[in-house]
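Protein chains: 2
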Amino acid sequence: LSGEFNLIYQHIAPLAGSRGDVVLGIGDDGAVIQPQLGTQVVVALDTLVAGRHFFVGQDAADIAYKALAVNLSDLAAMGATPKWALLSLALPVSCATKQWLEQFMRGWSELAQQYDVVLIGGDTTYSDTLTVSVTLMGEVVTGQAITRSGARVGDDIWLSGCIGDAGFALSQLLAAREVEANLARRLHRPTARVALGLSLTGLATAAIDVSDGLLADLGHILKASNVGAVLNLENILFSEAVSQWVDISGWENPLTSGDDYELLFSANHQNSAAIRALAQQQGVPLRRIGVVLQVEQGVKVIKNGSEQPIPTRRGFDHFASTDIIKTS
Amino acid sequence: LSGEFNLIYQHIAPLAGSRGDVVLGIGDDGAVIQPQLGTQVVVALDTLVAGRHFFVGQDAADIAYKALAVNLSDLAAMGATPKWALLSLALPVSCATKQWLEQFMRGWSELAQQYDVVLIGGDTTYSDTLTVSVTLMGEVVTGQAITRSGARVGDDIWLSGCIGDAGFALSQLLAAREVEANLARRLHRPTARVALGLSLTGLATAAIDVSDGLLADLGHILKASNVGAVLNLENILFSEAVSQWVDISGWENPLTSGDDYELLFSANHQNSAAIRALAQQQGVPLRRIGVVLQVEQGVKVIKNGSEQPIPTRRGFDHFASTDIIKTS
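As you go down the protein sequences, you meet chains F and R in turn.
Reminder that position 153 of the first sequence reads as 153 in the numbering used here, one-by-one numbering, no gaps.
Reminder that position 223 of the second sequence reads as 1223 in the numbering used here, one-by-one numbering, no gaps.
Extracted from the complex, chain F is given alone in its bound form (with noise of 0.2 angstroms):
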């Protein structure tokens, strides 16, 4: 935390949140927190940058939003409950305002409250360029992190939700067309799969959150383990706008955009029916699109029973200038 005080403690730490693991809160050169025992400490990190990863002016609510909710995701892939964040705020002089801040935190909070997440810490300046960039601490149960690297061949492959709505509603807005509020929600404030991650650990072999591309983010998995896998595109759920769009557009856009934040996991066969189970309780769709192969098989993707190439492009690539989101 350095200089700005004024600005972090007004804005920000009234709205900090905290809890009796929090030791020492914002205010200090460093915040000071107490794992529980048992427990290990689970870390993600994702930096949002306007024109990249949101619309220059876009809403500051949303913008904070999605910063929590892409970390919230990565520690739903790993199994964690979070608990702890940093935020890191370089802001530009439009930005700098006290309205714009507490739009901000109202987006922050708003997630942040649902999830008991306090805020124990970052640091604020100046930047021509809009960057928010979010630490998010939390605790998994001992050797209960599920990662990317446990998909066995013979595993079945799981999808929660549906994907491409927030490729779609991008797609839309790049080319300056309306969208319905339900997809720009989800590419504005996406859904991280919180819950279900909690009660995948043990039933998972492996887990990722779709935020490349779902075809990336299999890559990741199968790679980071040593397989291989067939889709079956005809059980990947799509809305019916992105069922339109796959039709006009092909099927490899939904499967491709990224920023789903839904999860992609492996799990032995035999967990079938407690994961079907769990589809049930949470009320989020869970369908089974594949299965885990050897890795000489490599990736299949079939299609009413024939297989499909495979888009060269698999997923997001933030060093890809296509994929830059241009606004100016």
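Among the hints, a few may not be true.
Covered by chain R, per the in silico footprint, the following chain F stretches (three or more residues, Cβ under 8 angstroms) [what the hints assert, rightly or not]:
(1) 25–32
(2) 126–132
(3) 275–286
Think of the hints as simulated: they come from the structure by calculation, not from any bench.
Glycine residues also receive a C-beta, built at the ideal position from the N, C-alpha and C atoms.
Since the structure of chain F is provided, determine the placement of chain R on it from the hints.
Just chain R, lined up with the frame of chain F:
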């Protein structure tokens, strides 16, 4: 960790380091760490922005070194042992090169290896503005963290090393004047007082690192501890260059310029001998520069026995436009 796998794996992961308490490092949705029993986790986050905290075009190794050093300094001020780091890199196209990243990681590794800090995760994105944000986590024996709020009336006030070198170097560079290598190093590659901070647990009642400027940082301790203070200018150590700066431009300069990363701390007078012994052992100058007073007495600076007027601007504020490093 988002989709920039090639970049990160090729240039960053090989230099991340490893240690038994890193259960899962770079390459999953989150990292998993195992803090030691009987400890609390201390976390600091500091963000450096090109053109604000370092010059545009600065050597990438310097940038990395400083980004880690300022966080090491925060943990030192807490009396914590640094352990695990996360790195958020928002890079302009010009920096997203093999050369730049290798140079960056060279500076990072030089310092990280010195303190056995393991890089456990992060995020890399494009941005128009080079922004480096480091989250540094460490450990402290439960209950032993040194805060800003423990200073008591009658405590001595101590300062490590000499202050003003970085501020002087910056003033010279901004005026396009030559700067001696050792002074430039104080600005670009500050030394965090890690060993000293660790030794101060149980000795210091309060501590802070001098990042914003001595008067500003003293003010943070005084506010948090609800006390006042008197400083004796004669007891503050200046380098020869800064002594000349004081003669020409006044004592206010080194006491309000930031980036010193020395430790300012309070301690009961009965610990004086132990603190002087520390200075000997560690080869770090430790000067008793003042005394803690009742809060009503505010802050006094004494020079040659007479009280000095306190400057309005007590330190570096990233939101005061006058403080921004302008390079274009």
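Structure-based check of all given hints:
Proximity of the region 25–32 of chain F to chain R, defined as three or more residues with a beta carbon under 8 angstroms from a beta carbon of that chain, is established by the 6 residues found. With a cut-off of 8 angstroms between beta carbons, the region 126–132 of chain F has 5 residues touching chain R; three or more are needed, and the interface restraint holds. Check result for the region 275–286 of chain F against chain R: violated, 0 residues qualifying (beta carbon to beta carbon below 8 angstroms, three or more required).
Of the numbered hints listed earlier, the single one contradicted by the structure is hint 3.
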